[in-house]
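Asks: Number 277 in this note's numbering belongs to position 274 of the sequence shown; there are no gaps in the numbering.
Hints in this document: simulated from the structure, not taken from any laboratory.
It is possible that some hints are incorrect.
Stated by the list, open to error - Listed next, the in silico EDC-like pairs over lysine to aspartate or glutamate satisfying Cα-Cα at most 20 Å (straight line):
(1) Lys107 x Glu58
(2) Lys201 x Asp241
(3) Lys107 x Glu160
(4) Lys105 x Glu65
(5) Lys79 x Asp130
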Amino acid sequence: MNRQIHIGSCAWTYDDWRGPFYPADLPTGRWLHLYAQIFRAVEVDSTFYAVPPPETVAHWLEATPAEFRFTCKAPKSITHQKRLRDCGELLSEFLEALRPLKPKLGPVLFQMPPSFAPEKSATTLRDFLGELPQGWRFAIEFRHEGWHQPRFVKMLEDHGVCWTWGDLTSVEDQARGPFEFLPETANFLLVRLMGDLKNKYVGSGQRRFRYTKTMWPRTGAVESWAVRLKKHLETVSDIYVSVSNHFEGFAPATMRRLAESLGEEVALPPRNASAEMLETDGKQLTLL
């Protein structure tokens with residue numbers, strides 16, 4: 004697979020993956036190490052809830068090879084509480100925490116809530132973009148269709164901020180796909196294959212499913228995304244793809260099939276393997 008494309012999951016610490024992906028007796032502190040021997044990227048969800056402490060960032064660096072890439076969500080204090088207003092100090096604190104990770108850092112993602120709409124927030128977005136520091140890759144994800152206007156595309160283009168491409172279509176609508184509005188606003192792309200989030204939780208807020216196997220096959224959608232990503236390799240420097248469990252039910256299987264559609268073979272660990280099936284050679288974990 005072209006080394007410009009970095010495919011990863013939306014986090015790696017799913018307890019549901021104990022058995023289907025991680026050996027049941029492998030300590031959780033070794034999960035990232037194993038994950039990074041198989042895939043080349045990951046989206047860090049934990050940074051949405053708190054700024055990571057130095058020891059956590061040091062572990063991420065130590066556990067992953069040089070070519071590995073992290074996409075980090077900006078804290079919800081910036082995107083959901085401040086809603087991009089008066090958050091310069093919070094952003095500076097967050098970026099400073101990520102600075103040691105910078106050699107392996109892909110985009111910093113501002114994931115905005117569906118209620119963040121242009122009617123009340125267009126000026127806020129303009130001011131926020133104008134204050135972003137140089138030397139970082141930033142992406143923003145809009146969940147409100149009101150932003151789907153040329154003037155907002157131009158606003159992101161002017162600041163080199165990536166318009167995140169998201170696939171939240173239902174399984175029933177996957178043939179139609181999410182391809183109606185996918186502007187290219189930076190010299191890289193961030194694609195998030197999330198699935199239909201309306202079916203993610205029951206009314207009590209509990210998850211409906213355990214993510215241990217493919218439950219909603221989206222073969223056509225995965226192949227369509229592979230074709231589209233190939234077309235953009237000549238116009239951007241890097242493409243980052245984040246895959247949710249909820250897209251098909253088990254993100255490692257989706258990532259493997261997407262990688263194979265792009266020409267790279269990926270071998271997943273045997274289901275229900277033990278840690279004894281892994282050969283440890285220094286810092287390298289190799290599947291037997």
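Asks: Each hint should be assessed against the structure and marked as holding or not.
Replies: Here is how each hint holds up against the structure:
Taken as a hint, the Lys107 and Glu58 pair is honoured in the structure, with Cα atoms around 16 Å apart against an allowance of 20 Å. The suggested pairing of Lys201 with Asp241 is violated, with an alpha-carbon distance near 30 Å, which exceeds 20 Å. Proposed proximity of Lys107 and Glu160 is contradicted: the alpha carbons are some 24 Å apart, above 20 Å. A threshold of 20 Å between alpha carbons decides the hint, and for Lys105 with Glu65 the separation of about 13 Å falls inside it, so the pair holds.
Under the criterion of a C-alpha separation no larger than 20 Å, the hint pairing Lys79 with Asp130 is consistent with the structure, at around 19 Å.
Checked against the numbered hints given earlier, the structure breaks hints 2, 3 and satisfies all the rest.
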